[in-house]
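Keeping their order, the protein sequence lines are chains F and W.
1 is the number of the first residue of the first sequence in my numbering; add one for each residue after it.
1 is the number of the first residue of the second sequence in my numbering; add one for each residue after it.
Treat the hints with care, since some could be wrong.
Straight-line C-alpha distance at most 20 Å; calculated EDC-like pairs for lysine to aspartate or glutamate [claimed, not checked]:
#1 F:39 with W:50
#2 F:15 with W:50
#3 F:39 with W:28
A few chain W residues that don't get close to chain F, going by computed Cβ distances all over 10 Å [unchecked claim]:
#4 7
#5 23
#6 26
#7 35
#8 43
#9 52
#10 62
#11 67
#12 69
#13 74
#14 76
#15 79
FYI, nobody ran anything at the bench for these hints, they're computed from the structure.
Here a beta-carbon is modelled for each residue, glycine too, at the ideal position from N, C-alpha and C.
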Amino acid sequence: MQADSKRNELRQCIKDALANRDASTAVQLARDLLTASSKASDVLYCANCFASEAETLVKQIGLKRLRTYLVRSVTLEPVLPYLSTEAVLSGFVLDLQAGGYGSYVSELLQPESELARFQPDLVLIALDLEEVAGRLPALCGEGTGAGVEAEIQEAAARMQQLLKSFRERSSARLLLHGLVIPDITPSGEVGDANLPQSLMNAVLRLNQRLAEVCRATPDCVFFDVDRLAARHGRARWCDRRMFLASRLPLAAEFFPAYARGLVRSFATLFRAPRKVLCTDLDNTLWGGILGEDGADGIMTGSAFPGNCFLEYQRYLKQLSQRGILLAVVSKNNPADVQEAFQTRAADLALSLDDFVALRIGWGEKADALRELSQELSLGLDSFVFVDDNPVECEAIRTQLPEVAVVEAPAAEPWRLVELLSERPFFDATQITDDDVNRLQEYKAQAQRVDLARSAGSREEFLASMEIVCTFQSALQAPLPRAVQLLAKTNQFNLTTRRRSAAEVEQFLAAPGGQAVVVRVRDRFGDAGVVGLALASNRGDACFIDSLLLSCRVIGRGVETALLACIAEQAVRTGAKRLVGEFIATKKNTPCATFYPDHGFVRCAAPEAAATDAMFYEFDLTAATLSSPEWITMEGTEQHELSASTALIA
Amino acid sequence: MNSPQVPPSLRELLSDVFEISPEEVTPELSTTTLDNWDSFRHLQAVLAIEGEYGVQFDPQRVPELTTVALLQAELEKKGVSL
């Protein structure tokens, strides 16, 4: 009875909140109600409330409205309220329309179909085995199943063609339901497992092929219904009575799980995964409290309960290996933490190197997250915060509502990994090399910022970075990269001439010609080829045609080193003056005073120069241009860029 | 008129399914008197009732349960105390 009165109270509060146009409270209350109650009537109640206030939800809390069309061969109407409610809880308002049974081909392909006129943002395709590969059950039962493989290939090819044709006419996002693997078959459970042509194995393979088809179709996601069925129990997933009587493909008790899974799948088509996980240490990454129990006393390792934490660490390690950045945000003494990671290394699945940043101290955790967000240049909406302390969790929820918070169950540490995996934060349908490499690049960036904070002066900071510049001929370095720099660099680009690969090569052939690229690395990482200069001699002067640097490395003295390299080479080829040119654009103000800053003086423009160009010269016989002391130069001796032409000159 | 004959739990459940106020759920309410009560809502109602009371209806009987009174009687026949 008490539960009922609580339910009724929540229901009334939802209605009141919506009446008061307080959409975010209404959504939170609905979440509370549906967490506490799995009653169909409560889901229907929420669905009805939200349906009448869709506009408020969109306008007030920015839910994404999706015109959603369901193409199906089964009965899903009773699930739709679950779907729309679950969507609201995940940030979407669905305007749902269901198509007729069995007309999916014409609906998807005909320009005048209901579906086409509906102009959906999202199309959900829910077909059963009969529609996708109707002959498969018979073929599986036939002798040795000779026709099974061909039917699987044909079914996948039909689907591919269907989606391809659809994609040619529509940019609506697609979700394709996978098939639930039948587990009541004539071959029985032993035969299902052992016969390659058993229906179970055939549908398993067909599902894999359908997933491949989805991968090959742009903006299409595969919804693995069988995974849900297996997780919740295939024996109960489908109520045969209701399937045979009403073509209802799943039992009512699984409507919530199905709706959650479906929303989670299509959400990846509209939303990028979060990128950073900030974890607490005590009673989260390991058991116990480091400050009290000491490094030897904290619980981690192969024995229970330490293995619960080890499991969490392994989970994080895997996230980091696919490009999710890990950070420690903990109230502790940094020295204690260092010691714990050192002395307990054998019992920990993570080392300090696995973290992109460490925020260990006694400050506010919300401040730490704000700082991290700045340092990593990632919005707080890409952050996930894991902590066992309910007070810390609540502080983050209220101060930084964009951050997703996972409260680690300190008393039941074995549940943490499951709690984390239930949330869709890191769902991704593809992982690129960029994702994986991003980790190193962010890590280097965060360390540079760390160092800048701790260093006394700029020189001291730059010296401690151990910057090494390697100069090479543009032909030794990958030429396409040099041309890419010419094409893309805007801010630190003195003349913004978009030279082609052929033109770069011509510089090397000219008298005193130079085409130098600079590679930069420091103690944190290798930034690769980031700068380029083109120059050639006319008379007694060396003219710098182009000089540019990627904005990632500006401010570390690399630009000066590049100029010094050009000057040194110019002297070697007999030039008396070095002439620099600056052409102002809307974007290149950061380098407007580059030449004057290096001791160049304004001079007259040579004939045939662009009218908006300003020229500066440096007397190479009176002074030398030298590279900053904190930079180590490499390759200057070997970069006989134009040794042959120098001799000619 | 109030409808004391429909037990509160069933009345509230059906009001959620049919999107009407609990007072409108009378024993006489039927598929013919309520526009909202179409075949999909009927299935929805049956599933919700089965879940709420832990019973299973015979699919052959389901299409015949066209009024609130008939649904209630079927539940009572299954031994559910409302």
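How the hints compare with the structure:
Between residue 39 (chain F) and residue 50 (chain W), the direct Cα distance comes to roughly 11 Å. Compliance with the 20 Å bound is thereby established for this hinted pair. For the given pair, residue 15 (chain F) sits about 26 Å from residue 50 (chain W) by alpha-carbon distance, which is inconsistent with the 20 Å threshold. Straight-line distance between C-alpha atoms of residue 39 (chain F) and residue 28 (chain W) comes to about 25 Å, which puts the hinted pair past the 20 Å bound. Against chain F, the non-interface label of residue 7 (chain W) holds: every CB pair exceeds 10 Å, the least being about 13 Å.
With 10 Å as the threshold on Cβ separation, the claim that residue 23 (chain W) sits away from chain F holds: the shortest Cβ distance comes to roughly 16 Å. For residue 26 (chain W), the requirement that its beta carbon stay farther than 10 Å from each beta carbon of chain F is met, with the minimum near 18 Å. No beta-carbon of chain F is positioned within 10 Å of the beta-carbon of residue 35 (chain W); the least distance is around 16 Å. Not every C-beta of chain F lies more than 10 Å from that of residue 43 (chain W), the closest at about 6 Å, which undercuts listing it as non-interface.
For residue 52 (chain W), the condition that its CB be more than 10 Å from all CB atoms of chain F is violated, with the nearest at approximately 7 Å. Non-interface call for residue 62 (chain W) relative to chain F: violated, since the shortest CB-CB distance, roughly 7 Å, does not exceed 10 Å. The Cβ of residue 67 (chain W) lies farther than 10 Å from every Cβ of chain F, with a closest approach of about 19 Å, so its non-interface assignment holds. The claim that residue 69 (chain W) is not at the interface with chain F holds, since no C-beta of that chain comes within 10 Å of its own (minimum 20 Å).
For residue 74 (chain W), the condition that its CB be more than 10 Å from all CB atoms of chain F holds, with the nearest at approximately 15 Å. Distance to chain F confirms residue 76 (chain W) as a non-interface residue, since its nearest Cβ pair spans about 20 Å, more than 10 Å. Every beta carbon of chain F lies more than 10 Å from that of residue 79 (chain W), the smallest distance being close to 19 Å; the non-interface claim holds.
Checked against the numbered hints above, the structure violates hints 2, 3, 8, 9, 10; every other hint is satisfied.
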